[in-house]
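Undergrad: With the sequences and hints as input, model every part of the structure.
For the protein sequence lines, the chains are A and B, in the order given. According to UniProt numbering, the residues represented by the first sequence are 1 to 368, in order. According to UniProt numbering, the residues represented by the second sequence are 1 to 368, in order.
Keep in mind that the hints were calculated from the coordinates and are not lab data. Values in this document were obtained by computation on a predicted structure and should not be read as measured data. Ideal Cβ placement from N, Cα and C applies to all residues, glycine included. A couple of the hints might just be wrong.
[Unchecked claim] Listed below are several chain B residues computed to face chain A (Cβ distance under 7 angstroms; list not exhaustive):
no., residue
1, 27
2, 150
3, 187
4, 215
5, 250
6, 253
7, 258
8, 260
9, 265
10, 272
11, 282
12, 320
[Stated by the list, open to error] Facing chain A, according to a computed beta carbon distance under 8 angstroms, are these residues of chain B, among others:
no., residue
13, 34
14, 60
15, 70
16, 234
17, 242
18, 244
19, 254
20, 263
21, 267
22, 274
23, 280
24, 281
2 protein chains.
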Amino acid sequence: MTIKLTIDCMGGDHGPSVTVPAAVNFVRSHPDAQLMLVGIETAIRAQLKKCKALDEAALIVVPASEVVEMDDPVEVALRKKKDSSMRVALNRVKEEEAQACISAGNTGALMAVSRYVLKTLPGIERPAIASALPNLAGYTTMLDLGANVDCEPQHLLQFAEMGHALVSALEGKERPTIGLLNIGEEVIKGNDTIKRAGELLRTSTLNFRGNVEGNDIYKGTVDVIVCDGFVGNVALKTSEGLAQMLAGIIREEFGRSLLSKLMALIAMPVLMRFKKRVDPRRYNGAALLGLRGLVIKSHGSADAYSFERAIKRGYDAVKNGVLERLVRAMEENASPLEQAARDANGAGYASPAAGQPAEPYAAQSSKA
Amino acid sequence: MTIKLTIDCMGGDHGPSVTVPAAVNFVRSHPDAQLMLVGIETAIRAQLKKCKALDEAALIVVPASEVVEMDDPVEVALRKKKDSSMRVALNRVKEEEAQACISAGNTGALMAVSRYVLKTLPGIERPAIASALPNLAGYTTMLDLGANVDCEPQHLLQFAEMGHALVSALEGKERPTIGLLNIGEEVIKGNDTIKRAGELLRTSTLNFRGNVEGNDIYKGTVDVIVCDGFVGNVALKTSEGLAQMLAGIIREEFGRSLLSKLMALIAMPVLMRFKKRVDPRRYNGAALLGLRGLVIKSHGSADAYSFERAIKRGYDAVKNGVLERLVRAMEENASPLEQAARDANGAGYASPAAGQPAEPYAAQSSKA
Numbered sequence: 001m002t003i004k005l006t007i008d009c010m011g012g013d014h015g016p017s018v019t020v021p022a023a024v025n026f027v028r029s030h031p032d033a034q035l036m037l038v039g040i041e042t043a044i045r046a047q048l049k050k051c052k053a054l055d056e057a058a059l060i061v062v063p064a065s066e067v068v069e070m071d072d073p074v075e076v077a078l079r080k081k082k083d084s085s086m087r088v089a090l091n092r093v094k095e096e097e098a099q100a101c102i103s104a105g106n107t108g109a110l111m112a113v114s115r116y117v118l119k120t121l122p123g124i125e126r127p128a129i130a131s132a133l134p135n136l137a138g139y140t141t142m143l144d145l146g147a148n149v150d151c152e153p154q155h156l157l158q159f160a161e162m163g164h165a166l167v168s169a170l171e172g173k174e175r176p177t178i179g180l181l182n183i184g185e186e187v188i189k190g191n192d193t194i195k196r197a198g199e200l201l202r203t204s205t206l207n208f209r210g211n212v213e214g215n216d217i218y219k220g221t222v223d224v225i226v227c228d229g230f231v232g233n234v235a236l237k238t239s240e241g242l243a244q245m246l247a248g249i250i251r252e253e254f255g256r257s258l259l260s261k262l263m264a265l266i267a268m269p270v271l272m273r274f275k276k277r278v279d280p281r282r283y284n285g286a287a288l289l290g291l292r293g294l295v296i297k298s299h300g301s302a303d304a305y306s307f308e309r310a311i312k313r314g315y316d317a318v319k320n321g322v323l324e325r326l327v328r329a330m331e332e333n334a335s336p337l338e339q340a341a342r343d344a345n346g347a348g349y350a351s352p353a354a355g356q357p358a359e360p361y362a363a364q365s366s367k368a
Numbered sequence: 001m002t003i004k005l006t007i008d009c010m011g012g013d014h015g016p017s018v019t020v021p022a023a024v025n026f027v028r029s030h031p032d033a034q035l036m037l038v039g040i041e042t043a044i045r046a047q048l049k050k051c052k053a054l055d056e057a058a059l060i061v062v063p064a065s066e067v068v069e070m071d072d073p074v075e076v077a078l079r080k081k082k083d084s085s086m087r088v089a090l091n092r093v094k095e096e097e098a099q100a101c102i103s104a105g106n107t108g109a110l111m112a113v114s115r116y117v118l119k120t121l122p123g124i125e126r127p128a129i130a131s132a133l134p135n136l137a138g139y140t141t142m143l144d145l146g147a148n149v150d151c152e153p154q155h156l157l158q159f160a161e162m163g164h165a166l167v168s169a170l171e172g173k174e175r176p177t178i179g180l181l182n183i184g185e186e187v188i189k190g191n192d193t194i195k196r197a198g199e200l201l202r203t204s205t206l207n208f209r210g211n212v213e214g215n216d217i218y219k220g221t222v223d224v225i226v227c228d229g230f231v232g233n234v235a236l237k238t239s240e241g242l243a244q245m246l247a248g249i250i251r252e253e254f255g256r257s258l259l260s261k262l263m264a265l266i267a268m269p270v271l272m273r274f275k276k277r278v279d280p281r282r283y284n285g286a287a288l289l290g291l292r293g294l295v296i297k298s299h300g301s302a303d304a305y306s307f308e309r310a311i312k313r314g315y316d317a318v319k320n321g322v323l324e325r326l327v328r329a330m331e332e333n334a335s336p337l338e339q340a341a342r343d344a345n346g347a348g349y350a351s352p353a354a355g356q357p358a359e360p361y362a363a364q365s366s367k368a
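TA: Rendered as structure tokens:
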């Protein structure tokens, strides 16, 4: 089976100069992949020429005349730029000509346009952003990382269900363990929303292991950690900041004198292995979950290697049937209590009305 | 002037075997300090004997017959153990026999007992936990780190005022810069509470620099970062977890083979300098701000070096008049708008009724 993906070539800080070489490298190492390169045709062809890939059969150029800029407000992306590379790429997924879309574009716009074009899955009120973070043993999948700044308990339950489906599909784990991000292990910890989410999770059919704390992300205590998008985004960015500071201090200390530079040179093989293991580029590619189609969001500042990792994530998700698993899991996992919680919350399960994405997406991080 | 501090010798994972040697070392290097060692007399004297410090004039043993255990619920600490080392140590501060109390005891209990014994300052509804985190240039003071799981906008404003007073006193900065932790720099980001807090901060007399993100903590973008206790606690614990994982991977990579062990040996001076710079023990000692007295909370797992750093933090706070500065700042910084916000919020400025600490303290992290 050919895996067909659409690439929003204009998204991200660097646009086609990063996205096109990444796509070229990807199809050359994945013969069963076909990529549609969406965007300004001349810009894409110029990059294909540079990569000597104008004749690459697995790459199809799909023209789109507009570009969603990294600082465009959601409304502009949604209402003004109807022929943007982002929108056209998502449309191909909607029309089932491709199975997933990969974009490094502005997160708020990508989520809003995805939601508008693809609609949400039955049983999902709020799509979420999920990503894999490294831990000592492997990786922890965490969601939401910034799509929803305010969450109700049932949203956190839905995030858990989606995380369960994602990890069980991608890692072949039948019952991945789930943790609820909190400020203590005891059930009495946290605010009211968290406590009620804990109750829903405990009575669900998920493999719920209770509360976890921030340090559990990197310990690998559970397979999936759920949290609201505000907390998730802060945890993610805090991690980025700390990692950058530590890398800066290592460079500073090894660069301090001729002698320490010599030490760095000698220890280089180990330092390089360390760097490779913790390289955040390896973990690029967050999944927008809860939509009727797969969307992978790359970091805006991704380089070609990093963007290729995001394409790989989309490819793996398609190959492992993440979307199908998600749909099935939402049906299977829905316990009577969960159903009750959903019913109690009223409607919201229908797709949002055209042109009216739910409030949260107007207020999210633009560069997750 | 003699700086008088009380030490809750029974708190923390290790009790007197850590707190007493730390106190002994501290008075030996600070001739103007006098420490009251509060707790089970025999246990304290046994440790003093070990340290050959039974005759140390600057150390006064103050007996207390009970111990607040690390897993004691807040109610037990507050209502059952009235002769606990924690309570007796705080009473000495209340009675003005000491100027600050240092404890490694359970955070929830320490905050509740402190609040009950010392009461809150005028103009403060919710005391907060503040700590200094290292950044590339120096350090960032962050609050709240876990005392308040739900905050209203005016609480975040009060945290900013307290952070301002703390940093201006300790670092001699006249107008420390303040940032509001959010998931994007733009004013439209975040949930409703955050947006309203941003408005209050913008119209305050503080040196407010707008929204900051998680990575700004370690960049050192501003001197003080304010956030609610849930988010702050997650950011802090996430940082701890990431730092531990990275340290684990460095050890693993350098220990992989005889050759890499040799490389580690050669690079040791640089690795040690790096380790020293980022050693979390150096930053031990969070301030419980907003009370009519100074309280410093040490990490529960602190060793003697680390606990000594917490004592130093209390000593510095007294020496630099943090409490006086806090009282003055609360009066000076209160703009008409802030006053209005406080008035609109109704009462709450009086100290809580005896035995009735506000709800949040029952629901906080026990081991910050």
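Undergrad: Could you run down the list of hints and mark each one as holding or not?
TA: Evaluated hints:
1. 27: Nearest chain A Cβ about 33 angstroms off; hint violated.
2. 150: This interface hint holds because 5 angstroms falls under the 7 angstroms limit.
3. 187: 11 angstroms, violated
4. 215: Result: holds, 3 angstroms to nearest chain A Cβ.
5. 250: 6 angstroms, holds
6. 253: With Cβ-Cβ at 5 angstroms, under 7 angstroms, it holds.
7. 258: 12 angstroms, violated
8. 260: Nearest chain A Cβ about 5 angstroms off; hint holds.
9. 265: 10 angstroms, violated
10. 272: 9 angstroms, violated
11. 282: 13 angstroms, violated
12. 320: The hint is violated - residue 320 (chain B) has no Cβ within 7 angstroms of chain A, the shortest such distance being about 27 angstroms.
13. 34: 36 angstroms, violated
14. 60: Cβ of residue 60 (chain B) sits 35 angstroms from chain A, so the hint is violated.
15. 70: 12 angstroms, violated
16. 234: 5 angstroms, holds
17. 242: 5 angstroms, holds
18. 244: 7 angstroms, holds
19. 254: At 6 angstroms from the nearest chain A Cβ, residue 254 (chain B) passes the 8 angstroms test, so the hint holds.
20. 263: 4 angstroms, holds
21. 267: Residue 267 (chain B) check passes; min Cβ-Cβ to chain A is 4 angstroms, inside 8 angstroms.
22. 274: Constraint on residue 274 (chain B) satisfied, holds at 5 angstroms.
23. 280: 11 angstroms, violated
24. 281: At 16 angstroms from the nearest chain A Cβ, residue 281 (chain B) fails the 8 angstroms test, so the hint is violated.
Taken one by one, the earlier hints fail for this structure at numbers 1, 3, 7, 9, 10, 11, 12, 13, 14, 15, 23, 24, listed in ascending order.
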